[in-house]
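Protein chains: 2
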Amino acid sequence: MITTKQWIYRRQPTGQITTDHYELVEQALDTTLADGEVLIASRYFSVDPYMRIGQSSKPTYDTDPHPLNTVQQSGVVAQVLASNAPGFAEGDWVQSYTGWQTHARVHASALKRIDPDLAPVTTALGVLGMPGRTAWFGLTESGKPHAGEVVVVSGAAGAVGSLVVQFAKRHGARVLGIAGGLAKCNWVRDTLGADWAIDYKAFNNAEALGAEIKRLTGGVDVYFDNVGGMVTDAIIPLINRRARIVICGQISQYSGGLETPELGPRLLHHMLYQRATIQGMLARDYLHRMDEMIRIVGPWVKAGEIVFEETVIDGFEQLPSALNSLFTGDHRGKLLVKA
Amino acid sequence: MITTKQWIYRRQPTGQITTDHYELVEQALDTTLADGEVLIASRYFSVDPYMRIGQSSKPTYDTDPHPLNTVQQSGVVAQVLASNAPGFAEGDWVQSYTGWQTHARVHASALKRIDPDLAPVTTALGVLGMPGRTAWFGLTESGKPHAGEVVVVSGAAGAVGSLVVQFAKRHGARVLGIAGGLAKCNWVRDTLGADWAIDYKAFNNAEALGAEIKRLTGGVDVYFDNVGGMVTDAIIPLINRRARIVICGQISQYSGGLETPELGPRLLHHMLYQRATIQGMLARDYLHRMDEMIRIVGPWVKAGEIVFEETVIDGFEQLPSALNSLFTGDHRGKLLVKA
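Chains as they are written, first to last, in the numbering used here: chain P, 1 to 339; chain U, 340 to 678.
Hints may contain errors.
Now the stretches of chain P that chain U is said to cover, found in silico as 3 or more residues with beta-carbon under 8 Å [to be verified]:
hint : segment
1    : 219–232
2    : 245–253
3    : 269–283
Derived from the structure by calculation, the hints contain no laboratory data.
On a predicted model such as this, the values are computed, not experimentally measured, just so you know.
Each residue gets a CB set at the ideal place from its N, CA and C atoms; glycine is no exception.
Please model the complete structure; the sequences and the hints are all you need to start from.
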């Protein structure tokens, strides 16, 4: 028997997430391992915007919301404490989907080995994990950028957006990153290598923001959207012929707008004029194609050619507030919580 | 010298089109034909929703709006009065883009011969012309319906929509047509063969309309949108996984909403959940592929297997009011004006 700490999801938020919606409990965990089972200790927890979507009372990517009174689901980087499964030994690094709990007993088939020699183990939750997969396949399969085209990325300082900026540059595109605040914008331009960066918070409305985007880029061929709302309103009227708009996230809408949609200008007529495409994408559709991405992106990461900043918050107790800070915070790149 | 009557486009409308925006003039036309020229007499004029888009003060599918103080552009079915071009003789039926004028002198290269034995000559402006091309390629290239899928068509009683309903049925889809008024709906279901028809005017809001669409169809695989606005708001939350939304028209928005966009609920997050696609299409992109469509649809028309109702308004003087009635009227199928 050991004690595992768990964050239990108790109540659906209507706006922002607080500790009111979670409860921290301690639970006795039987460490007796059945055949094929492994005991793991969680080292890093992922917090991701999709978690807030799963708390919507309406059907989203799953028919039902995240079940109440269960451990908050999330990706985890863990170490093996004890193993009754071939191929897993004490001390091995693994990725699991055991959520916000410090320890868990899981079947080996639910674990994925992490090679700590390829890159830091935390990258399994970032550039070599779900966010990297989202950025790579969202850009290549839906965005389809070409050399010389203009790619605009909203949420450009985020876990996914910061990778899309770099991947788009490698395709030979001219890249505009949009982020909140001057510090993030400087980082997007100077460190990630975007051609331009715009602080959307410096603009009062979509027209003014759009005028600046138009001035810099002349028009938009690929819009990789993590944000929605006013930023998207500014960009849709600027799309070029055959533009591709990738809906990867709509983070501005998650804390309430999924239940009662916010109002915005009707802009679908622009799709008609430019014969443009809007495509929604989810990382899960490309899970079986991780090898394709790792084959290309893995060597770039190993060679130190990709910036994959991580903001690591210390303390299991910080998980709900860390999740909420995705929607309000100043972090750059991937946000993680260390056990 | 003969006299040609012309409708000159004089003033940009801000709302609905009236005769204030046009002037009827008579013009002397020199009938001396240069090498390769043909003199034509217009018999049927097309009125199409795209004409109102071209009057928007903002860039739409063309960078500039329809030029003021010129003849209103439109497709025309005409007869040759005199020819100085090989291959064209007096009495021949031709299609031209000479607009709202009773006579014109044009180079033969701007004319397309119409075969009156294949189908009534007016079909060159309907099922075997631009509306048919829009319906066929919009459905097959962007909608990509499969047998057993649910296809929803807005503006289902219109020139394009009425064909999309029938083409979708031939693909083996289950088809819901949405139109304004019970009479149109009965025609869509009983004559065109839709599985269901809904009168959107019987619903006060998108939620109520959506509930009825959901009840009938269970969910939407292809949405062929000619209308936009509340109808589209009702459907987007009902899309199935990998749904394809074809933006062919947004007629509810043309009389003002293009300048100052109407507000509507932000619904792009649904694209994400269902990994769905919105694609804008224009008939002009398929002009060079008319042979593909004629090869398939031509025999259906000749065999009387396609309903292509035409509403023919008598009198050149009626053109501006006929155009406006596209946005307010009770016509079914293709609206034409007879010289």
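Discussion item. Of all the hints numbered above, which does this structure not satisfy? Sort the numbers upward.
Written reply: none
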